[in-house]
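Q: For reference, the chains in residue letters:
2 protein chains.
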Amino acid sequence: MARDLDKIFKPRSIAMVGASNVPAKWGSFLLVNLLAGGYPREKVYPVNPRESAIHGLPAYPDIASLPEAPDLAIVTTPAVTVPGILEECAAKGVTNVVVISSNFSEVGEEGARLEKVLVETARRLDLTVVGPNTMGIVNARHSLYAVGAPVQLRPGHISFVSQSGNVGANMLGWTMNQGIGFSKFVGSGNEALLGAADYIDYFGEDDETELILAYLEGVDDGRSFMQTVSRTCLKKPVIVLKSGRTEEGGKAAMSHTGSLAGSDHIYDAAFRQSGAIRSETSQDMLDLAKSLERLPLPPGDRLGIVTLGGGWGVLATDATAMAGLKLAKLDEEVARVCDELLPPFWSHGNPVDLVGNIYMDTHLAIMEALVKSPEVDCVVMLGSLGTGTMIGLNVLVSQSLIMEMSEESLKGFFTELKGRNLRLLARAKELMREHGKPIVFVEMQFIGDENLRDLEGGETVIFTAPEKAAWIISRMLRYRRWLESKGAVTCSTRQ
Amino acid sequence: MARDLDKIFKPRSIAMVGASNVPAKWGSFLLVNLLAGGYPREKVYPVNPRESAIHGLPAYPDIASLPEAPDLAIVTTPAVTVPGILEECAAKGVTNVVVISSNFSEVGEEGARLEKVLVETARRLDLTVVGPNTMGIVNARHSLYAVGAPVQLRPGHISFVSQSGNVGANMLGWTMNQGIGFSKFVGSGNEALLGAADYIDYFGEDDETELILAYLEGVDDGRSFMQTVSRTCLKKPVIVLKSGRTEEGGKAAMSHTGSLAGSDHIYDAAFRQSGAIRSETSQDMLDLAKSLERLPLPPGDRLGIVTLGGGWGVLATDATAMAGLKLAKLDEEVARVCDELLPPFWSHGNPVDLVGNIYMDTHLAIMEALVKSPEVDCVVMLGSLGTGTMIGLNVLVSQSLIMEMSEESLKGFFTELKGRNLRLLARAKELMREHGKPIVFVEMQFIGDENLRDLEGGETVIFTAPEKAAWIISRMLRYRRWLESKGAVTCSTRQ
Numbered sequence: 001m002a003r004d005l006d007k008i009f010k011p012r013s014i015a016m017v018g019a020s021n022v023p024a025k026w027g028s029f030l031l032v033n034l035l036a037g038g039y040p041r042e043k044v045y046p047v048n049p050r051e052s053a054i055h056g057l058p059a060y061p062d063i064a065s066l067p068e069a070p071d072l073a074i075v076t077t078p079a080v081t082v083p084g085i086l087e088e089c090a091a092k093g094v095t096n097v098v099v100i101s102s103n104f105s106e107v108g109e110e111g112a113r114l115e116k117v118l119v120e121t122a123r124r125l126d127l128t129v130v131g132p133n134t135m136g137i138v139n140a141r142h143s144l145y146a147v148g149a150p151v152q153l154r155p156g157h158i159s160f161v162s163q164s165g166n167v168g169a170n171m172l173g174w175t176m177n178q179g180i181g182f183s184k185f186v187g188s189g190n191e192a193l194l195g196a197a198d199y200i201d202y203f204g205e206d207d208e209t210e211l212i213l214a215y216l217e218g219v220d221d222g223r224s225f226m227q228t229v230s231r232t233c234l235k236k237p238v239i240v241l242k243s244g245r246t247e248e249g250g251k252a253a254m255s256h257t258g259s260l261a262g263s264d265h266i267y268d269a270a271f272r273q274s275g276a277i278r279s280e281t282s283q284d285m286l287d288l289a290k291s292l293e294r295l296p297l298p299p300g301d302r303l304g305i306v307t308l309g310g311g312w313g314v315l316a317t318d319a320t321a322m323a324g325l326k327l328a329k330l331d332e333e334v335a336r337v338c339d340e341l342l343p344p345f346w347s348h349g350n351p352v353d354l355v356g357n358i359y360m361d362t363h364l365a366i367m368e369a370l371v372k373s374p375e376v377d378c379v380v381m382l383g384s385l386g387t388g389t390m391i392g393l394n395v396l397v398s399q400s401l402i403m404e405m406s407e408e409s410l411k412g413f414f415t416e417l418k419g420r421n422l423r424l425l426a427r428a429k430e431l432m433r434e435h436g437k438p439i440v441f442v443e444m445q446f447i448g449d450e451n452l453r454d455l456e457g458g459e460t461v462i463f464t465a466p467e468k469a470a471w472i473i474s475r476m477l478r479y480r481r482w483l484e485s486k487g488a489v490t491c492s493t494r495q
Numbered sequence: 001m002a003r004d005l006d007k008i009f010k011p012r013s014i015a016m017v018g019a020s021n022v023p024a025k026w027g028s029f030l031l032v033n034l035l036a037g038g039y040p041r042e043k044v045y046p047v048n049p050r051e052s053a054i055h056g057l058p059a060y061p062d063i064a065s066l067p068e069a070p071d072l073a074i075v076t077t078p079a080v081t082v083p084g085i086l087e088e089c090a091a092k093g094v095t096n097v098v099v100i101s102s103n104f105s106e107v108g109e110e111g112a113r114l115e116k117v118l119v120e121t122a123r124r125l126d127l128t129v130v131g132p133n134t135m136g137i138v139n140a141r142h143s144l145y146a147v148g149a150p151v152q153l154r155p156g157h158i159s160f161v162s163q164s165g166n167v168g169a170n171m172l173g174w175t176m177n178q179g180i181g182f183s184k185f186v187g188s189g190n191e192a193l194l195g196a197a198d199y200i201d202y203f204g205e206d207d208e209t210e211l212i213l214a215y216l217e218g219v220d221d222g223r224s225f226m227q228t229v230s231r232t233c234l235k236k237p238v239i240v241l242k243s244g245r246t247e248e249g250g251k252a253a254m255s256h257t258g259s260l261a262g263s264d265h266i267y268d269a270a271f272r273q274s275g276a277i278r279s280e281t282s283q284d285m286l287d288l289a290k291s292l293e294r295l296p297l298p299p300g301d302r303l304g305i306v307t308l309g310g311g312w313g314v315l316a317t318d319a320t321a322m323a324g325l326k327l328a329k330l331d332e333e334v335a336r337v338c339d340e341l342l343p344p345f346w347s348h349g350n351p352v353d354l355v356g357n358i359y360m361d362t363h364l365a366i367m368e369a370l371v372k373s374p375e376v377d378c379v380v381m382l383g384s385l386g387t388g389t390m391i392g393l394n395v396l397v398s399q400s401l402i403m404e405m406s407e408e409s410l411k412g413f414f415t416e417l418k419g420r421n422l423r424l425l426a427r428a429k430e431l432m433r434e435h436g437k438p439i440v441f442v443e444m445q446f447i448g449d450e451n452l453r454d455l456e457g458g459e460t461v462i463f464t465a466p467e468k469a470a471w472i473i474s475r476m477l478r479y480r481r482w483l484e485s486k487g488a489v490t491c492s493t494r495q
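Chains as they are written, first to last, in this note's numbering: chain A, 1 to 495; chain B, 1 to 495.
Since the hints were derived computationally from the structure, they do not count as laboratory data.
Check each hint, because a few of them may be wrong.
Which copy? The list can't say, so a pair holds if one copy fits it or any two copies do.
[Claimed, not checked] With a straight-line Cα cutoff of 20 Å, these simulated SDA-like cross-link-like pairs (lysine to any residue) come out:
hint, residue 1, residue 2
1, LYS429, VAL461
2, LYS418, ALA24
3, LYS43, PRO61
4, LYS43, ALA53
5, LYS251, VAL107
6, LYS7, LEU35
7, LYS429, THR464
8, LYS10, ASP198
9, LYS326, SER255
10, LYS329, THR246
11, LYS429, GLU459
12, LYS10, ASP207
13, LYS43, HIS142
14, LYS92, THR81
15, LYS418, THR362
The shape of chain A in the complex, shown without the other chains:
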């Protein structure tokens, strides 16, 4: 049974202990971010003995004088004051506390002693405490941005625990531009009481979470941690980015969070055994998240690749083999469709090289034939989206050389181009639903990040280079096989 952290992540009211009007202080920007994120102003109680109002809200001199016992207290006051504040919280009936304050165990012996007092106090008073030394928490579905970074996320179904506030906050920032939706985030800080496993456990039971991300530097009780992960992976995918992979990195992690990184081989084996999907870099984690959220898990390792030009087909073939995947055989029906639509010298093999064929109907028909083929587990479309852009730009330039184009006709032209792409993506979504196989798009024409996100629409995945697609698919397949080995293949995939 996971710990109930609902009052942490869905508080109906919040005391901001240490709230401040001074811009560079955590007590200021935590409050600012909270208000900017849309949390109801009337449910925020700044606590500061020296001010009567903070950022436009009435301030209270201490916790005792609050008009109610809020669900959550967020503390930014100096470390030495924190144990006393926990006592005040308990006296008022506040049982959930996020301790943002730093200068605890991360700064040496004196801090470690103080953290021990914090732990004893919290245990004695039966308080639920996040941190200390945490970047804060987010619940994008409840407009809760009690976090030291100016992010505002797209509400979604991904939840994220990070053992580094910086890594966590920066990655949240990246998602803002990558069209990835979030549910909850927590920087676990020094993990004096609640650890990464507690958050993973909670996210595992959380109805608003369908996918879990974890940035890890080290865990204390490896066996229990992996049990939690394994239990959770049966319900929803858990993607981990584990640093301290090298001896040097392990030492750096030790110096950063005091965590014993342990041998990376052991971690790696444990992650595999427990079903966690390990990402290699920070950006990979987000690409994996997007793909797992939007695509069905591939039923097997055989890719059908369609390419507008041979070169990308070769690079994609390399990537396929290097990711441990196979090129699917083209069955008779696929060959028949290709024979019908392509010139006689078509590649007669996988990748299917369209040799610059620009007719969307050709792309649609071959995509459909591949996804329907019993020989194919996953389809990769290289350059199909871009054809529209490239032809469009050429026609456009050509037209504008010959005649003036009105703004209206220009707009109409681009709408038509976008329509072409949307038609392809919409059909892919239907086919994915029908056949339970992923269709992945790789768009090598530069069409701008914003346009790419716009086309994805939060429902498909478009990569910008073929090398990544194969790696992502191989990791999704590994997860599916783990689920199968546990007799639980369909429970967590959106098919």
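Mind docking chain B on chain A? Use the hints.
A: Below, chain B without anything else, positioned relative to chain A:
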């Protein structure tokens, strides 16, 4: 001695044989791209027997009737007509021809026969021929865009030969958004006469080229190719992306360009021996290019890392070790500077963890101390640029909650933030020049691609995640060591 391709890449006039008004035809969009790219209209001669004007230019019925013998003919007519056109060219005195037309050896036996005729004709008439089946050529420094892709590049010093037109054209497109400047591009097509080695050789002697990129699927005469590469690498860096790395990829390459990929291990060893820098993915090639163009080569393998937060420091440490690089020891002077500027519990080791310290003077002083240290060969700054953005956004949100901000004061605020970042980058540039060591920035706050390019200004390199920086530096170091082994270390680096 390299072949003289000046008339190919710097033609004073061009015949467009097969020019067309029909938008979807190559004869149309080649011409459209050429004119849109700014090539002088009066120096372009469309040749088409059925039209009197093409895209606003007077058309000529055949090559014989052209008013002069142009430096270059670009041919887009059907394959069977090409040998005859070569004869016409020679008769008129046109000795340089780019054959865009496809349906030669890439489509089977009949095409191969035709290609043989093309080769014999060209040799007999002593013509210099690019292609056939090429995407075309670009010279961004001479407004020459005789290419089947709607690109317009930033003029620069990088030249690129690609054995896949698609891969080449798409990658050129990417550079438009990545602030990377180009000199020349050629899709080598079927390489009936001129091969990748010829272009590399030419670029090697070209004053307008400082760095060479090559996308390769296979080369016929490996030994002679590697000799060309090795000779060129002594003068300027050559970055190769070689596909067909796997058996499957090799087969795909065979089917695409008919080239024998050969064993990848042999290629890999040959590239190392010849000094070529091998990139792993298409995007890596551009990141390498940018870095080699803008940064001095690292004199050794010891990185000094500065990080705003511990987590990124751990990830960067992993990346350092995985790339075969080392963390530098902090000498007394560096320690003294850190003791002076950071709280007593600072990491006392490398990475130097600034624990969220936001004072630009601190970042500047520690960067300077590291680059000056004899223990350090390269400096990596994680998050230093972003501090401005993050603080700025927080202050901004805070201000806007308290009072209305005029558009003018908002603008002033962002100018100030940008000034902060520019100050850091400007100092880094000075220090790089002074000490001949690279300083690399990694910016994890999402500040938008455009802003990133704007800050880079074509003179520094800003990565968006730390994992890539270490890999790039390791490849730059490998090249430097190769140069050293040849006694030629300083000849090609811009220090």
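Q: With reference to the structure, classify each hint as holding or not holding.
A: Evaluation of the provided hints:
1. LYS429 - VAL461: within (10 Å within a copy, 39 Å between copies)
2. LYS418 - ALA24: So LYS418 and ALA24 pass the 20 Å test across copies only (18 Å; inside, 45 Å).
3. LYS43 - PRO61: within (17 Å within a copy, 81 Å between copies)
4. LYS43 - ALA53: within (15 Å within a copy, 73 Å between copies)
5. LYS251 - VAL107: Intra 16 Å, inter 57 Å, cutoff 20 Å: intra-copy only.
6. LYS7 - LEU35: Answer is within; shortest intra-copy Cα gap is 18 Å, inter-copy 65 Å.
7. LYS429 - THR464: within (19 Å within a copy, 31 Å between copies)
8. LYS10 - ASP198: within (16 Å within a copy, 66 Å between copies)
9. LYS326 - SER255: between (43 Å within a copy, 17 Å between copies)
10. LYS329 - THR246: between (40 Å within a copy, 18 Å between copies)
11. LYS429 - GLU459: within (8 Å within a copy, 43 Å between copies)
12. LYS10 - ASP207: within (13 Å within a copy, 64 Å between copies)
13. LYS43 - HIS142: This pair counts as within: shortest intra-copy Cα distance 13 Å, inter-copy 64 Å.
14. LYS92 - THR81: For LYS92 and THR81, only the intra-copy Cα distance (17 Å) is at most 20 Å; the inter-copy one is 92 Å.
15. LYS418 - THR362: Close inside one copy (17 Å), not across copies (48 Å); limit 20 Å.
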